[in-house]
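Engineer: One-letter residues, chain by chain:
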Amino acid sequence: MQDQSAETGQSSAAIRASSEADEARSYSAWSQIWYYFLHERMLTAGVLMLVALLALWLIGGQLVDPKGAEPISGPQAAPPQAKYWLGTDFNGRQILPLMIHGAPLTLRIGLYAGIVGLGVGIILGFIAGYMRGTVDAIVRIISDVFITIPSLAVLVVVASTIKEGAGLSVNAMGLIVASLAWMWPTRVIRAQVLSMRESNYVEVARLNGMGDFEIIFRELMPNLLPFLAASFVGAMASGILAAVGLEALGLGPQHEPTLGMTIYWSIYYGALLSNWWWWYVPPTILVAWIFVTLYLIASGLDKWANPRLRQSL
Amino acid sequence: MSITYIGARVGMFILVVWLATTVIFFLPRIASDRNPVRERMIMMAATGNLSTGMEKVVAAYERDYGLDQPLYLQYIRYLSSVLRGDLNVSLIRHPTTVMDLIQERMPWTLGLVGFSILVAFALGSLSGATLAWPGAPTWLKGVLPIFLTLSPIPYFMLAFFLIFIFAVRHEWQPEWWPMLPIAGASKVGTIYDGWDLARVWDVVRHSILPASSIILSQVGFWALGMRGMMITTAGEDYVTLAQMRGLRPDRIFGQYGMRNALLPQLTSLALAMSLIVSGVILVEYIFRYPGMGSLLFDAIAGFDYFVIYGVVLVLIIFVATATLVLDLVYPLIDPRVRRAA
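Heads up: the sequence lines are chains A and B, in that order.
If you're matching positions, the first sequence starts at 1 in the working numbering and goes up one per residue.
If you're matching positions, the second sequence starts at 1001 in the working numbering and goes up one per residue.
Which chain A residues stay away from chain B? Per the calculated CB distances, all over 10 Å, these:
id	residue
1	W34
2	R108
3	Y130
A few chain A residues facing chain B, derived, Cβ under 8 Å:
id	residue
4	V145
5	I147
6	I149
7	A153
8	V156
9	V158
10	A237
11	L241
12	V244
13	V287
14	V292
15	L294
16	Y295
Cβ-Cβ distance ranges computed for the label pairs, FRET-style:
id	chain 1	residue 1	chain 2	residue 2	range
17	A	Y269	B	R1169	16 to 22 Å
18	A	L54	B	T1240	48 to 54 Å
19	B	R1248	A	I123	52 to 58 Å
20	B	M1179	A	P79	18 to 24 Å
21	B	R1084	A	D212	45 to 51 Å
22	A	K83	B	E1175	28 to 34 Å
23	B	M1044	A	R132	53 to 59 Å
24	A	N91	B	E1171	25 to 31 Å
25	B	V1143	A	A52	23 to 29 Å
26	B	V1204	A	L54	43 to 49 Å
27	A	Y269	B	I1165	18 to 24 Å
28	A	P226	B	G1194	56 to 62 Å
29	A	A55	B	S1080	54 to 60 Å
30	A	S169	B	A1045	26 to 32 Å
No lab work stands behind these hints, which were simulated from the structure alone.
For each residue, glycine too, the CB sits at the ideal point set by N, CA and C.
Between the sequences and the hints, there should be enough to build the whole structure, so can you do that?
Structural biologist: Set out below in structure tokens:
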């Protein structure tokens, strides 16, 4: 054992001498992560944008009075000014507190979609990729079918039937959009498992007498981590996309200022034609910000998981 | 192209349409027990449009549409009416049938979707291919990151930015700044007979912003995919051979490079179809473009149940058909798939 570590120490010293790029690879998981952060500009930019978003929520929430997000806390449709930084809407809500209150709601919906999407994706993807045969065919066909069906259309039917009085709660909204966020994770994970289960190290593990579950959790899962992370972020993005779309159509929570609902009300009260740009521009920027953030993180993780992509960019 | 391949694709198409119609039939009924006809009647009564005999009318509606029957009978009835292309009658614009409403709106959506996809696909693929090829212009390299940043943003979000910049007056805009229309597909109150040049120009002007918001968001996506494929293609032996044979560079680029790299793009297009159509629906609603999106929104606002159903169904069938067509065209242009299939 001691000999071995001495040997690895030596060899890593040799590698360090030979090239700087190889250095990070022979180090621990943490230094590896740090390495990618420094070298993956996309991932870094995405994480920084996410931090800024969280800061808006945590710090902004402390500095700005949440009461400002309520109706008639300010004048009607006032443009940005010293007292109301981002102006107010038709009902006298102040836009800035509205945004600080609304952005985390939208993120929360995305989080539900990410968790459910990834969870279902892992279960179906692993079952299909690992068992192959008929089970695989069924899972593949079902996920292909659901990819072809425009999920917004299905969600519109569901949400418009349920919508009554106060409409959906933020949590119900999250669960509804989450129910159609599993197709892409399933597809990606299945393809990965399918190719991984043929790889040599899985073969070795099997010959060593490892059971299926052990192989899945100790051999496949750790290697899939970046893929799983990227799938999680992807499912988040598709959930938020569906949620914001539904909300913009007026099918979201009626009393919670999610970003999509703010957009809906701004259209409803004719902000576009009345040139109340401060009403619809901030939520639009925030939503765009969220999508760019998720996109950068997902692409960064993809490149991490897929070294071939790294070279081509 | 073998019979098995066609059979599998058509089977998939039928499965998609059947599953989608089934899901949208059962889900709302499981989720709630609202009665759209009764609600509509109550709404009309509240506005004074209907005073007496409401119960009778509701009962007649329920009988006509089979709402009083057990669920499985309703389902069979619904499936057979969908097969016949009968999508019931609008509750608000009674007795206009849903099919009539859709036929009136569908051309606008088809035009907008078709035009935007075509332009975005062509622009994106061409610039992506150019970027992967040696000697790509520097300005293109500078533009790509901008489009890549725009690509994850939903179309209708870009619509708001475009409206902010090109459709409303601000102090920072100079005199000559173009102001584009943001509502409808032609000037309000103008009645055209036939398609003369003025009308075409009017329609084009009204389509600039909706189409741009879709195109701007898509170009980056197609460019990125094409660039990746083209890098692989550029390294292929047959490209090197073509160069050694002294073929003209543009011929190598087009016939040897693009033609091969373009094929996976078509697969992506088939997979992205449902997302694109969902996005276009929202863009139409923002711009009050008289397509399926606005129809859907008005139906949601007035809880015009059958119209919501009809629009959603037609959209699903439209996406499934587009996917089927792409699947069937694919082997025709890719001999490798033709042989394997």
